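The lines below spell out each chain.
Protein chains: 2
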Amino acid sequence: MKNILGREIPEFIEGYGKVKPFAGAYANIDRISKKEVKINCALPGQGKVLKSIREAILECGLKNGMTISFHHHLRNGDYILNMVLEEVANAGFKDIKVAASSIFPIHAPLVRHIEKGVVTGIYADYISGPVAEAISIGLMKNPVIMHTHGGRPRAIEAGDLHIDVAFIGAPTCDTYGNINGVEGKAACGALGYAVPDAMYADRVVAITDNLVDYPACPIEISQEYVDFIVKVDSIGDPKGIVSGTTKITKDPVGLIIAKTAAKVIDASGLLKEGFSFQTGAGGTSLAVAAYVRDMMKKKSIKGSFAAGGTTGYIVEMLEEGLFRSLFDVQCFDLKAIESYRKNETHMGMSASMYGNPHNKGAVVNLLDVMILGATEIDKNFNVNVTTGSSGVIMGGSGGHSDTAAGAKLSIVVTQLVKGRLPIVVDDVTTITTPGESIDVVVTERGVAVNPIREDLIEKLNAAGIETMTIEALKSIAEEMTGVPEKIQTEDKIVAVVEYRDGTVIDVVRKVK
Amino acid sequence: MKNILGREIPEFIEGYGKVKPFAGAYANIDRISKKEVKINCALPGQGKVLKSIREAILECGLKNGMTISFHHHLRNGDYILNMVLEEVANAGFKDIKVAASSIFPIHAPLVRHIEKGVVTGIYADYISGPVAEAISIGLMKNPVIMHTHGGRPRAIEAGDLHIDVAFIGAPTCDTYGNINGVEGKAACGALGYAVPDAMYADRVVAITDNLVDYPACPIEISQEYVDFIVKVDSIGDPKGIVSGTTKITKDPVGLIIAKTAAKVIDASGLLKEGFSFQTGAGGTSLAVAAYVRDMMKKKSIKGSFAAGGTTGYIVEMLEEGLFRSLFDVQCFDLKAIESYRKNETHMGMSASMYGNPHNKGAVVNLLDVMILGATEIDKNFNVNVTTGSSGVIMGGSGGHSDTAAGAKLSIVVTQLVKGRLPIVVDDVTTITTPGESIDVVVTERGVAVNPIREDLIEKLNAAGIETMTIEALKSIAEEMTGVPEKIQTEDKIVAVVEYRDGTVIDVVRKVK
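Chains as they are written, first to last, in my numbering: chain F, 5 to 516; chain U, 5 to 516.
Among the clues, some could well be false.
Copies of the same chain are indistinguishable here, so a pair counts whether it falls within one copy or spans any two.
Derived pair list, reagent style DSSO-like, types lysine-lysine, alpha-carbon separation capped at 27 Å [unchecked claim]:
1. 189 <-> 306
2. 463 <-> 120
3. 189 <-> 42
4. 267 <-> 98
5. 55 <-> 412
6. 145 <-> 516
7. 346 <-> 306
8. 301 <-> 254
9. 24 <-> 39
10. 463 <-> 412
11. 67 <-> 22
12. 39 <-> 67
If you are wondering where the hints come from, they were derived from the structure by calculation, not from laboratory data. Here the structure is a predicted model, which is why all the values come from computation and not from measurement.
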């Protein structure tokens, strides 16, 4: 069958199941259920601290075929996933499903566990590095399932993704399971992605290298949700957890794009008292923030909030009084962690509060402007941030689809050509985010507005910003690069790309 | 049938259902389920602010027979329950069940709603004033169900108490439903009792007199849980919400009792580094805190935490460095509210985190010492804080049973005789808290230790504290007052007293 975006998807995918086809960004948002949760109650006097990860695995009653989960706040410095899987493998378990909110190059040992049949299933919002490459060439029998950052908590809460045992990397944990990410040698700040795992898994194990006396303070994840605690020497490498500081691009092309995006924001009429904003940690995105910062100062605008994974740059805007508060699901750099620890207006949010379409209103719903990246964008404004130019998985939605769906103005900022390939194409290799939720594409060669946003085209034109059709942008790109060859794939589906509501927006097939 | 404490309870109670008899304080703590929750999802752009309580009632789809809930942080200054029931009555609804975490004298208009059939069921942890009196004389057809502060979230989470619409009195609320109790003219501090209602009700309405721009900061209850918001002129009378300051007793008898209780704590060996403590807001309880404070200073002890409803007195101990942190479910006075707002080591906790026996470990489980009151205590150490000397309901467990079950040392402090009636009796009128969870009774005439705590008797005697049997205490009391006459009751059951695990520990019968 074809879904509403014209993507050919089987009705049933082996190793995945029956497909619910994507039916629009705002379909399926009605009345839903959050699943029943099973709890092993603790008696007074009962302790939670165990001696080893092995002991925790056994106490949790792990069995072949079960699903274990991980969160990615330790990013490319994370030791937790590797440590746990090593023990799982050593204990002789097979057929384990890994639900990791993201997978990074550091998780390369996972490839070996897949090869040996220890791990036979993967759920993730973002996958890069050797694991992504191994998946793309068909190493796994069953397709991996790719969520968005808001779709993952949705799936967990709905029971679509049932977690048997959640392992939480805890920069600080007390002896009864209260966790925070702001203290300890592996401090990573906000722990928003771990919250749904803690709340909905059958069993929850906190793994920490900073076991403190009861009670930890502050508490980001409460003792109510933690069954067991294991102390290890190190949960991660601080160098991989955070960059020292995130930086604005110095590339002149990137700066042109950013400046134009800022003009689009200004022209949209959204840049006024109470403005809300999110941008990624990339250099061009941060450059947009820099121009927005200048405009806010000039106009004496105080914004309501900035959201996201947070960087020091956004923290500076908070400190300057340009926003009243920040909502943070993960901290990208040291300055963000420090701010999250000290400033009460720098507030944490769970992944569900951040982007889950199936709750009573996520933070993304109140975003005025979202700055997004793209690997490809097609003539229907569909965006690919899942696969690279060779068809190999190199990312995933993360919060891309969630913020695009929520924000009043979603702007993709990108160079028109990267690595001699056009970014604007007829059809993207993989649809990550549907075009209906993308409003504008800003490149160094021109600005294209989604035709469904006639109001915006008028506003931009009134402000003297030239716009062109996306087809025109595509032509300019193709003039520079020629029409790229179609990526050759085999039939085998290596990844199912779920939209945030759990429908299938696309699949990734094995690369040749 | 008789339950394990010898209380005669029908196997089936009309208007309540099948009785699960109380089987011990630590029975039924094993593997449980938290129920499925139904959610009405919000689309981006969808607003939540409604014009009136009436509109909210209708939007929530209230129907005859449904259960609506309230929390009691506004205490005897609460306008919410009365305002909502007025609208419910005006709209012509009948047969509504009211699940209020506590009911106070200010809720007298509820009597009229009961008389008119608007309200036909009540669930509460504590009831005092005209509503309690009306219930006691048999005004309601069905018995009210009395929970503990930890048993209420247990019942809500398990689905034993299903809430159709929760009304949350919000001292501050933003336009998307983020709530805190620390700002606004009706600031009451921590909102812990409202958390389970917000998380598990079908529909949640925030009623506020301080509607602020998005986002509120701090956030105690998140937008994820709130369907609608209504602004009203006033949610409560600050004079009834908090006392200006809570005070230590000046009564010499109270001081003697408190001093003895402090000696018991000292002798128990628990008063050491990491000590944890809870006491109520009563004058004698606070006097115990004062003696404990002195001892901690003398011995240079730093405690781990104090918990509870919090008073300025406990805040002072935090500020002096005698505790590392406070866990707060409700603030009793202005100083506590101020501290909760400003001090990050003064942490909030939900009712479930506080006392729910059916989670992975409540805060009460880690209490070293709990200071409790009693209206009556019997020779098996069972405590009544539910009914008064005439058999009329005048309170309820609140956190009494929860903290008694959790704490390593539960001390009842009471005068031996009150209002010419002995406090130590053969059988208490109503069992609120089972004797197995009470360790010591301290009166001005002597100290009785529960014989199951042989270890404690030895320690007290070694420290030179004379102990006597509870029977001896009873004899002393009866020498002063004579043996009191048994309260005469009719067969009709007006209240079912549930222990924290949902079993029935006792019933209250209609007074003659």
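Within, between, both or neither: residue 39, residue 67 at alpha-carbon 27 Å: both (22 Å within a copy, 25 Å between copies)
Residue 189 and residue 306: within-copy, between-copy, both or neither at 27 Å Cα: So residue 189 and residue 306 pass the 27 Å test across copies only (25 Å; inside, 35 Å).
Same-copy or cross-copy closeness of residue 145 to residue 516 [CA-CA at most 27 Å]: within (16 Å within a copy, 75 Å between copies)
Residue 463 and residue 120: within-copy, between-copy, both or neither at 27 Å Cα: neither (58 Å within a copy, 59 Å between copies)
Up to 27 Å CA-CA - residue 42 versus residue 189, copy category: neither (33 Å within a copy, 40 Å between copies)
Residue 55 and residue 412: within-copy, between-copy, both or neither at 27 Å Cα: Intra 50 Å, inter 25 Å, cutoff 27 Å: inter-copy only.
Same-copy or cross-copy closeness of residue 301 to residue 254 [CA-CA at most 27 Å]: Within one copy only: 22 Å inside a chain, 59 Å across chains, cut-off 27 Å.
Homomeric proximity label, residue 346 with residue 306: Cα distance no greater than 27 Å: Cα proximity of residue 346 and residue 306: in one copy and across copies (21 Å, 24 Å).
Same-copy or cross-copy closeness of residue 67 to residue 22 [CA-CA at most 27 Å]: within (25 Å within a copy, 38 Å between copies)
27 Å Cα threshold - placement of residue 412 relative to residue 463: Close inside one copy (14 Å), not across copies (68 Å); limit 27 Å.
Same-copy or cross-copy closeness of residue 24 to residue 39 [CA-CA at most 27 Å]: The answer is both: 19 Å in one copy and 26 Å across copies each meet 27 Å.
Identical-chain pair category, residue 267 with residue 98, by Cα at 27 Å: Neither: 55 Å inside a copy, 58 Å across copies.
When the structure is compared with the earlier hints, violations turn up for hints 2, 3, 4 and for no others.
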